[in-house]
Structure formats: C-alpha cells, structure tokens
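S.K.: Protein chains in written order, with my numbering: chain Y, 1 to 240; chain S, 1001 to 1240.
Be careful, since some hints might not be right.
To be verified - SDA-like cross-link-like pairs, simulated, lysine to any residue; straight-line CA separation at most 25 Å: (1) S:LYS1051 / S:TYR1035; (2) S:LYS1150 / Y:ALA152; (3) Y:LYS179 / S:MET1215; (4) S:LYS1179 / Y:ALA152; (5) S:LYS1237 / Y:TYR202; (6) Y:LYS237 / S:LEU1086; (7) Y:LYS179 / S:SER1131; (8) S:LYS1238 / Y:TYR202; (9) Y:LYS150 / S:ASP1121; (10) S:LYS1002 / S:LEU1086; (11) S:LYS1150 / Y:VAL153; (12) Y:LYS237 / S:ARG1206; (13) Y:LYS179 / S:ALA1152; (14) S:LYS1179 / Y:HIS98; (15) Y:LYS179 / S:TRP1118; (16) S:LYS1238 / Y:HIS98; (17) S:LYS1179 / Y:SER103; (18) Y:LYS238 / S:PRO1201; (19) S:LYS1237 / Y:TRP209; (20) Y:LYS179 / Y:ARG213; (21) S:LYS1237 / Y:TYR35; (22) Y:LYS237 / S:ASN1217; (23) Y:LYS238 / S:LYS1051; (24) S:LYS1238 / Y:ASN221; (25) S:LYS1179 / Y:LEU119; (26) S:LYS1179 / Y:ARG213; (27) Y:LYS179 / S:ASN1217; (28) S:LYS1238 / Y:SER103; (29) Y:LYS2 / Y:TYR35; (30) S:LYS1237 / Y:GLU193; (31) Y:LYS237 / S:LYS1238; (32) Y:LYS238 / S:ARG1222; (33) S:LYS1179 / Y:ASP47; (34) S:LYS1238 / Y:PRO201.
Claimed, not checked - Rough simulated footprint, nothing fancy, chain Y against chain S, three-plus residues with beta-carbon under 8 Å: (35) 1018-1024; (36) 1069-1078; (37) 1198-1207.
Said to hold, decoys possible - Using C-beta positions, here's what the derived DEER-type ranges look like: (38) S:GLU1219 / Y:ILE69: 15 to 23 Å; (39) S:GLY1052 / Y:GLY133: 41 to 49 Å; (40) Y:PRO218 / S:VAL1240: 13 to 21 Å.
Honestly, the hints are just simulated from the structure, not real lab data. If you're wondering where the values come from, they're calculated on a predicted model, not measured in any experiment. All residues carry an ideal CB built from backbone N, CA and C; glycine is no exception.
Spelled out from the first residue to the last, the chains are:
2 protein chains.
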Amino acid sequence: MKRIPVLEVFGPTVQGEGMVIGRKTMFVRTAGCDYSCSWCDSAFTWDGSAKGDIRMLTAYEVMEQLMQIGGNTFDHVTISGGNPALLPQLGTLIEELHERDISVALETQGSRWQDWFWLIDDLTLSPKPPSSGMKTDWAVLDDIVAKLEKRAVSFCLKTVVFDDEDLEYATYVHLRYPKVPFYVQAGNGQLQETEPQRMLPYLVERYEWLIDRVMPNPELNRVHVLPQLHTWVWGNKKGV
Amino acid sequence: MKRIPVLEVFGPTVQGEGMVIGRKTMFVRTAGCDYSCSWCDSAFTWDGSAKGDIRMLTAYEVMEQLMQIGGNTFDHVTISGGNPALLPQLGTLIEELHERDISVALETQGSRWQDWFWLIDDLTLSPKPPSSGMKTDWAVLDDIVAKLEKRAVSFCLKTVVFDDEDLEYATYVHLRYPKVPFYVQAGNGQLQETEPQRMLPYLVERYEWLIDRVMPNPELNRVHVLPQLHTWVWGNKKGV
C-alpha cells in the first residue's frame, strides 16, 4: 500500500471558498505540486520549506488522525494540497471515508486525472490564470471535464482573479465549459499580512472590485462571485 | 390577472447568503409579511413605513422592470420579501422567467405553502428562531418539507442565529429534517449602523462566535455556517 505524503490534518472548521463554502469540514493537506503559482497561499507544500514536516501515512493512519482530531464532530473531509491529483493512492482513503459515511471534497487545478475523481462528492477544478505564471493544458482539462460529465459527478470550475487579464482568462474558462457551475474568486495578494484587522479592508476592496467587474458583463451571468471567507476571519493563519 | 405588490427591483448583484451565496442575481422584493421578526432587516416591507412605495405590477411589468434595470446581464432572479409565499399570483412571474431561461430563487419562512414552490430552482425555507419573537407552526413546515421532497425540488433550510437559544432551535430544526441541506447564519444585530468600517469587526466577531459554537457540536455536522456576505461589503445599505 503506497503511503500518502501529508502536511496538515486539521478541523473541523468551515470551508472558506467555492462550491461548498461554509460547509463544516476537516482538512487533509497533501505535499507536492506540479505547479508553482506566484501567489500560492500554500507554497510550503512544494517549495521545500516544510519538507521536514511531511509525514508518510497510510490511508488508515490518515483516518486515525482525522478521528483523533475531529472525533465525532464531522462528516465531511476536504483534500487539498499542493495538488492531491498527483497521488493515485488517495483512492483508498476516499473509500475508507465513504465507508464511514463521510463525504469527500477535492480541490485540484485540473492538470492531472485520477480515476478516484469519480468518487469525489464535491470536486473543484481550479485552472490557474495568467497572474499565477502557469500555463493551462487545455487538452488535459477538456479530458477531465468530459470524464466527470460522463458520470454525473458534482463538480465545479473555479478561477482565482487578481486583475483584468485574469478575468479575461476566467471568462474564457466559463465559455469553454458553459454547462459547468462556475466560481470566480477574489485573489489574496497580501500573503505576508498577519493582522486580520489590516487584511479585512483590503480583502473587502478586492471582492468588491471583482463584483463590480462581473456584474455588467453579460458573458458572466451564470456565475458565483466569492471571496475566501477564511481569510476574512483568520487572515493568513494556518490550520484554521 | 392579480397584481404583485413590489417594493424593490434591483441588481444584478451577488446573493449574500444561503444555498446560492455568491450567485449573480437580480432581486425582486415583495411587500407584506405574516411575521414581524424583532430583528427583521426588511421591516419596511410590513411595518407601513414604505407603504407609499409599493407598486402593484403585473408579472409582465415585473419582467419589464427586470429587463430595464438588468438588461442582458443576468439569468437568475431572487424573490424575497416580506413573505412572497403570501402571493399566489407569483406563479405567473416564475413561468415568465423560466420561459426566458432565467432561474428563480425564493426565500420564505415556511409558514405558507404555494403550488408554485414546485417551480422554484433554489428554494430556501428559513424558520425563525426564538429571538425573532415568532412561533413556528411545525405542522405547516412539516407539510411544506414533505411536499418539496415528493418532487425533488432543490431546497434548503436556513436559520438565523443570534444567541445560544437560537442555536438550540436551529439544532432542533436540523434534527427534525436531517436529510435537508442545512444552513446556519450569523444574525445582524446592528441594523442602524451605516458605516461598513464599523460593521465589519462586529459581523466578523458574530460569524466567528457561531463557528466556534457549531464546530464542537456533533449534532451539527452536516451543516453550512455562513455570514450575510452583502452586509460585510455594503453594511445595511439598501438596493445592493
């Protein structure tokens, strides 16, 4: 049984973004990413800075960790990264969770497919806009979307937006996959700020900017515009 | 054709709460309510203060208003009140909207049934907790939930929570209808505050209080905990 590289297990807390925003959930954060977005809020998962904190756990050990920390106060687990889609061995963990009636959410950029995507209850594909410095492989994303649509998985597309070029990219994503529920999310460019009182006015301004851009745009009608709610409450604090 | 008492038509803006939080939507606010919640944020719909602003419109005239204000920049309309469920004549408006491929959301306390509930795309039943001063008629709510479940309508229950007694009530609601997606929402007790900069710290504190109460509670696992996002951005401003 291949082990899972785990960096964080925490919760229960609220999901701060996207299609299940507000949902009470536990988080499992895996190490390793095929991307290196300029504004990544979890760069420690891939930049080597937290290398010593990675624990190689079996699916059963991850379950045990979740139970130890969350006890009987959760029924939903969000797997985030890094890019968890690099790990074929996550399928076993998802099955273990489902056996215990625990729902599973996943967040990934949509650069790799895994067959266990079909098992995910709330799947978010978040292709990265130009400001990230990454390039989207559209053929791979097309293939992932087609595979998910074939089996009626509950999934959405989400794009973080920092500027007008990002919003153009987001619009392209939405028009390319018009049937998929679409979320645009205001980006957080203040990753070093530790004081929530200073973060809040900035984040509200960025959210309002995005709302003002999306509302008059007839190409962006069937969309959700959301902030990262957890940063509004806890700033850049880890583990909440 | 019975006319609809309309107090506000505005948007597009983002839905600030509940099951479609963040969704780009237009709002139609109807006048009249069978409740008079102590903390109602739209008391002008029932306390007589905006009596002179009520316009009696046909469904077609409401459509025209929506088109005039929103143009081609929306595909979703939220009907709110007051209690729109007092108005049997809303069925025609919903049909008119659907004919134009426009989705319709409704928010109501669940004190009255209308057959057009079955047509709603995103239906929120928000029974009111003790702090409102209202009494829930459980037999009526049971009947509404049963009718909606019979026809696979996408609906949720949502309870605003101001204090521990409200949270006990919310827990009771969730346990009474365990299969229905459930949202708890932090209440806004500062309805007179007009300065967003003073509102924000208060609203964040109330949201964090609610999160802290829900997270350790094993009876509240399959829940969403959300704020009213529009008050975080615009305070108590009307028409946004």
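S.K.: Decide, hint by hint, whether the structure agrees.
M.R.: Status of each hint after checking the structure:
1. S:LYS1051 / S:TYR1035: 17 Å, holds
2. S:LYS1150 / Y:ALA152: 22 Å, holds
3. Y:LYS179 / S:MET1215: Judged against 25 Å, a Cα distance of about 34 Å means the pair is violated.
4. S:LYS1179 / Y:ALA152: Since the Cα atoms of LYS1179 (chain S) and ALA152 (chain Y) sit roughly 21 Å apart, the hinted pair holds (cutoff 25 Å).
5. S:LYS1237 / Y:TYR202: Given pair LYS1237 (chain S), TYR202 (chain Y) holds - Cα atoms ~20 Å apart, limit 25 Å.
6. Y:LYS237 / S:LEU1086: Distance ~46 Å between LYS237 (chain Y) and LEU1086 (chain S) Cα, so the pair is violated.
7. Y:LYS179 / S:SER1131: With a Cα-Cα distance of about 42 Å, the restraint between LYS179 (chain Y) and SER1131 (chain S) is violated, given a limit of 25 Å.
8. S:LYS1238 / Y:TYR202: 23 Å, holds
9. Y:LYS150 / S:ASP1121: 23 Å, holds
10. S:LYS1002 / S:LEU1086: 13 Å, holds
11. S:LYS1150 / Y:VAL153: Roughly 23 Å separates the two Cα atoms, so the pair holds.
12. Y:LYS237 / S:ARG1206: 19 Å, holds
13. Y:LYS179 / S:ALA1152: Given that 25 Å is the threshold and the Cα spacing comes to 21 Å, the pair holds.
14. S:LYS1179 / Y:HIS98: 17 Å, holds
15. Y:LYS179 / S:TRP1118: 23 Å, holds
16. S:LYS1238 / Y:HIS98: 44 Å, violated
17. S:LYS1179 / Y:SER103: 14 Å, holds
18. Y:LYS238 / S:PRO1201: With Cα atoms ~21 Å apart, LYS238 (chain Y) and PRO1201 (chain S) stay inside 25 Å; holds.
19. S:LYS1237 / Y:TRP209: This hinted pair holds, its Cα atoms lying about 17 Å apart.
20. Y:LYS179 / Y:ARG213: It holds: about 22 Å lies between the C-alpha atoms, which stays within 25 Å.
21. S:LYS1237 / Y:TYR35: Roughly 42 Å between the alpha carbons, so the hint for LYS1237 (chain S) and TYR35 (chain Y) is violated.
22. Y:LYS237 / S:ASN1217: It holds: about 23 Å lies between the C-alpha atoms, which stays within 25 Å.
23. Y:LYS238 / S:LYS1051: Not satisfied, since the Cα-Cα distance of roughly 50 Å exceeds 25 Å.
24. S:LYS1238 / Y:ASN221: 22 Å, holds
25. S:LYS1179 / Y:LEU119: OK: LYS1179 (chain S) and LEU119 (chain Y) at ~21 Å, within 25 Å.
26. S:LYS1179 / Y:ARG213: 37 Å, violated
27. Y:LYS179 / S:ASN1217: At roughly 37 Å apart (the allowed maximum being 25 Å), ASN1217 (chain S) and LYS179 (chain Y) break the hint.
28. S:LYS1238 / Y:SER103: 38 Å, violated
29. Y:LYS2 / Y:TYR35: With a Cα-Cα distance of about 23 Å, the restraint between LYS2 (chain Y) and TYR35 (chain Y) holds, given a limit of 25 Å.
30. S:LYS1237 / Y:GLU193: 29 Å, violated
31. Y:LYS237 / S:LYS1238: With Cα atoms ~33 Å apart, LYS237 (chain Y) and LYS1238 (chain S) exceed 25 Å; violated.
32. Y:LYS238 / S:ARG1222: 24 Å, holds
33. S:LYS1179 / Y:ASP47: 43 Å, violated
34. S:LYS1238 / Y:PRO201: Satisfied, since the Cα-Cα distance of roughly 21 Å is no more than 25 Å.
35. 1018-1024: Holds: 5 residues of the stretch 1018-1024 of chain S have a Cβ under 8 Å from chain Y.
36. 1069-1078: With 6 residues in contact (Cβ-Cβ under 8 Å with chain Y), the coverage given for the stretch 1069-1078 of chain S holds.
37. 1198-1207: holds (count 4)
38. S:GLU1219 / Y:ILE69: 15 to 23 Å: 19 Å, holds
39. S:GLY1052 / Y:GLY133: 41 to 49 Å: Given a distance of about 57 Å, which is not inside 41 to 49 Å, the answer is violated.
40. Y:PRO218 / S:VAL1240: 13 to 21 Å: Holds - the Cβ-Cβ distance for PRO218 (chain Y) and VAL1240 (chain S), about 20 Å, lies within 13 to 21 Å.
When the structure is compared with the earlier hints, violations turn up for hints 3, 6, 7, 16, 21, 23, 26, 27, 28, 30, 31, 33, 39 and for no others.
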